[in-house]
Amino acid sequence: MDYKETTVTGSAWRRFRSIAIENGWLQVPMVVCVEQEVISLAAGEILRDVGNLNFPFSPADAFPILDPMTNEPVGICATGAEVYALVYSYVMAKAIERDAATAPTEAAPAEPPAEAAQ
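For the sequence shown, my numbering assigns the number 6 to the initial residue and increments by one for each residue that follows.
Treat the hints as calculated values from the structure; they're not laboratory data.
Keep in mind the model is a prediction, meaning the values are calculated, not measured.
Keep in mind that a hint or two might mislead.
DEER-style ranges, computed between Cβ atoms [to be verified]:
1) Arg19 / Thr110: 45 to 53 angstroms
2) Gly15 / Tyr89: 17 to 25 angstroms
3) Lys9 / Ile44: 32 to 40 angstroms
4) Thr75 / Val33: 26 to 34 angstroms
Think about it this way: if two alpha-carbon atoms lie no more than 25 angstroms apart in a straight line, the pair counts; the simulated SDA-like pairs of lysine to any residue are [said to hold, decoys possible]:
5) Lys99 / Glu27
6) Lys9 / Arg53
7) Lys9 / Ala47
8) Lys99 / Ala47
9) Lys9 / Leu52
10) Lys99 / Glu87
11) Lys99 / Thr84
12) Lys99 / Asn28
13) Lys99 / Glu116
14) Lys99 / Pro73
Virtual Cβ for every residue (Gly too), placed ideally from N, Cα, C.
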C-alpha cells in the first residue's frame, strides 16, 4: 500500500490552454493549440498539459460553428478566411486602442507674439 493512499471522487475534462497562430514571413501560417487536462477534486484542481493540436491554416476550410457552452452546432458554418478576418480585426482594434492610449498628446498651438505697442 502507498503512503497515505486515499480514494477520491471528482471529474476530469480537456480544454485548450493556449491557441496561437504562428505567422512566419513567407510561410503558411500554423495554428498551434496546447491541450490541458483538468482534474477537479474536493481539494482543488490539478492541471496538466496532455498534448498539442497543430495544423496549417487553410482559408478554404469550412466547419460548423459550435456553441462554446454546449458544444452543439448553432446551425451555421464559417471558413478559415472568415476566422482570419475576425482575429485580424480584433487584434488591430486592440492595437489601435493601445496606440491611442500611449500616443503623445499634441500641444495647443502657441499664441502669436503680441505686437509691440506703438
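Now the hints, each set against the structure:
no., hint, result
1, Arg19 / Thr110: 45 to 53 angstroms, "holds (48 angstroms)"
2, Gly15 / Tyr89: 17 to 25 angstroms, "violated (39 angstroms)"
3, Lys9 / Ile44: 32 to 40 angstroms, "violated (18 angstroms)"
4, Thr75 / Val33: 26 to 34 angstroms, "holds (33 angstroms)"
5, Lys99 / Glu27, "holds (19 angstroms)"
6, Lys9 / Arg53, "holds (23 angstroms)"
7, Lys9 / Ala47, "holds (17 angstroms)"
8, Lys99 / Ala47, "violated (39 angstroms)"
9, Lys9 / Leu52, "holds (22 angstroms)"
10, Lys99 / Glu87, "holds (18 angstroms)"
11, Lys99 / Thr84, "holds (23 angstroms)"
12, Lys99 / Asn28, "holds (18 angstroms)"
13, Lys99 / Glu116, "violated (36 angstroms)"
14, Lys99 / Pro73, "holds (23 angstroms)"
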